[in-house]
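Chemist: Chain B: place on chain A using the hints.
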Amino acid sequence: MRWIWIDRFTKFEPGKSAQAVKNVSMAEEHLHDHFPGYPVMPASLIIEGVAQTAGVLICQASNFNEKVVLAKISSVEFEGIALPGDTLLYSVEIEKINEQFAVAGGKVSIISAHDKGGNAAPKPLASMELMFSHLDQNMAGRKFPDGNFILTEAVSSLLREILPNGGQKPTSNSSG
Amino acid sequence: MGMSREEIFSRVKETLVEALGVDEDEVVGSATLTGDLGAESIDFLDIVFRLEKAFNIKIPRGELFPENILNNPSFVNEKKLTNEGLAELRTRMPHADLSEFEANPEVDRIAELFTVDAIVRYVEGKAT
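The listed protein sequences correspond, in order, to chains A and B. Using the numbering used here, you'd call the opening residue of the first sequence number 1 and step up by one each time. Using the numbering used here, you'd call the opening residue of the second sequence number 177 and step up by one each time.
Pulled out of the complex, with its shape left as it was, chain B reads as follows:
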């Protein structure tokens, strides 16, 4: 497809500004969707829809934002991900940076994985 990372980032930024009503300068690579950009669950659906349109790709349900990890008892124990859970997360989210999360894999911190960079890496992966 041949889009550079800058081009992808720029289009992802536009998408997030449209979907979340944030200012352009708030959309930096490390910004988290829920924490920094104020996204709610309905916004996640909106983001997926707009990314599909912007990049002409298909995003199957659960591929960009994995579901069914937190409600699986073999993946979670006492509000932390088990090793099995972490392995599952690694498989399902190759586009996320798990290094900081793995140090303290608390369930409440999972939202921190959904960053602008993670979306950019996901789109890059789809384009090749």
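Only chain A is shown next, with the shape it has when bound in the complex:
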């Protein structure tokens, strides 16, 4: 099982905003425990998907040189639930970014399965504010594994579809 909670980037404005989609599927194991007989996408994994959308956007802003981790969920509000067959849209915007941390706002909207044929507009599901830390800048001197753990194979494949050069600016000693 891969820990990737977005399926595709639909928009990517480097340094500013991004949008991704997540399809909720009956083939996802955890739905059958959450809850038995009543599968519902856990809110925590929706938040994780938004955090991944924002985290990749923020990481790309430093050309994948910073290790970006979710440090704080400042606020989050949900107004409904997501079910198998739904498609979730995650829209994120960078509100602030500096060497130490970044703040992003996220909105989730939902296209319900029965609406898909009927051209209904996405309905709001949740909104949140997230804080990310740039690990290297905040924990100087501690050792981390080499390379950037944000730019996994899965994330690279998503970025390749939406950005030229997979979002990496050409540098003389680029890696990964």
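In case anyone wonders, no lab produced these hints; they're calculated from the structure. The C-beta atom is built at its ideal place from N, Cα and C for all residues, glycine as well. Watch out, some of these pointers could steer you wrong.
Stated by the list, open to error - In silico lysine-lysine, DSSO-like type, Cα no more than 27 Å apart, as pairs:
no.	chain 1	residue 1	chain 2	residue 2
1	A	K107	A	K72
2	A	K67	A	K11
3	A	K11	A	K123
4	A	K72	B	K234
5	A	K16	B	K255
6	A	K16	A	K123
7	B	K302	A	K96
8	A	K96	A	K67
9	A	K16	B	K229
10	A	K67	B	K234
11	B	K229	A	K96
12	B	K229	A	K67
13	A	K16	A	K96
14	A	K16	A	K67
15	B	K229	A	K107
16	B	K234	A	K96
17	A	K123	A	K67
As the list claims (entries may be wrong) - Far from chain B, some chain A residues (derived; all Cβ distances over 10 Å):
no.	residue
18	A71
19	S74
20	S75
21	T87
22	A120
23	A121
24	D136
Modeler: Positioned in the frame of chain A, the structure of chain B alone reads:
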């Protein structure tokens, strides 16, 4: 800028309630950020960001919450601040009330300097 102390206090209070998720009535002038209000290191960054937005000011890194005092060997000796360390602290934190701290300048007590009042005084200083 012309904001009264009450107005500044009220806005600082809102900022801390947003950043730390505490109740309004917990945010009194003498409340310490870490001890009384439960702030952690990531919260300090959040607080600085929100204060900048709320008051439309720029807070350079280390100005509100000074860094690099505790890891300087001429400022600390046997877990207490040296006279040099105290002098440095006085220069870097004109917005803090050091009177109680100076009596027993233990490194572990530095967090007690970061009170709501200290933030209010800092903002007042920026506004003039």
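Chemist: Confirm or reject each hint.
Modeler: Hints versus structure:
For the hint linking K107(A) to K72(A), the alpha-carbon distance of about 16 Å falls within 27 Å, and the restraint holds. This hinted pair checks out: K67(A) and K11(A) have alpha carbons roughly 22 Å apart, not beyond 27 Å. Restraint check for K11(A) and K123(A): the C-alpha separation of about 18 Å stays at or below 27 Å, so the hint holds. Pair hint K72(A) plus K234(B) holds up; C-alpha atoms about 22 Å apart against a cutoff of 27 Å.
At most 27 Å may separate the alpha-carbon atoms for a hinted pair to count; K16(A) and K255(B) exceed this at roughly 45 Å. A distance of roughly 23 Å separates the Cα atoms of K16(A) and K123(A); the hinted pair therefore holds under the 27 Å criterion. Using a Cα cut-off of 27 Å, the hinted pair K302(B) and K96(A) holds, with the two alpha carbons roughly 21 Å apart. Our distance criterion of 27 Å between C-alpha atoms is met by K96(A) and K67(A), whose separation comes to about 17 Å.
For the hint pairing K16(A) with K229(B), the CA-to-CA distance comes to about 18 Å; that is within 27 Å, so the pair holds. A C-alpha spacing of about 26 Å is found between K67(A) and K234(B), which places the hinted pair at or below 27 Å, so the restraint holds. At most 27 Å may separate the alpha-carbon atoms for a hinted pair to count; K229(B) and K96(A) meet this at roughly 11 Å. Restraint check: the Cα-Cα separation between K229(B) and K67(A) comes to about 26 Å, which is no more than 27 Å; the hinted pair holds.
The straight-line distance between the Cα atoms of K16(A) and K96(A) is roughly 10 Å, inside the 27 Å bound, and the hint therefore holds. At roughly 18 Å between alpha-carbon atoms, K16(A) and K67(A) fall within 27 Å of each other, so this suggested pair holds. Proposed proximity of K229(B) and K107(A) is supported: the alpha carbons are some 21 Å apart, at most 27 Å. Restraint check: the Cα-Cα separation between K234(B) and K96(A) comes to about 13 Å, which is no more than 27 Å; the hinted pair holds.
Restraint check for K123(A) and K67(A): the C-alpha separation of about 33 Å exceeds 27 Å, so the hint is violated. For A71(A), the shortest C-beta to C-beta distance to chain B comes to about 4 Å, within the 10 Å cut-off, and the non-interface label is violated. Non-interface status of S74(A) relative to chain B is broken: a Cβ of that chain comes within 10 Å, the nearest being about 7 Å off. For S75(A), the non-interface assignment is contradicted: its Cβ lies about 8 Å from the closest Cβ of chain B, within the 10 Å cut-off.
In this structure T87(A) is separated from chain B by more than 10 Å, as the shortest Cβ-Cβ distance comes to about 32 Å. Distance to chain B confirms A120(A) as a non-interface residue, since its nearest Cβ pair spans about 34 Å, more than 10 Å. With a cut of 10 Å on Cβ distances, A121(A) stays outside the contact zone with chain B, its closest approach being about 31 Å. With a least CB separation of 15 Å from chain B, D136(A) remains clear of the 10 Å interface cut-off, as annotated.
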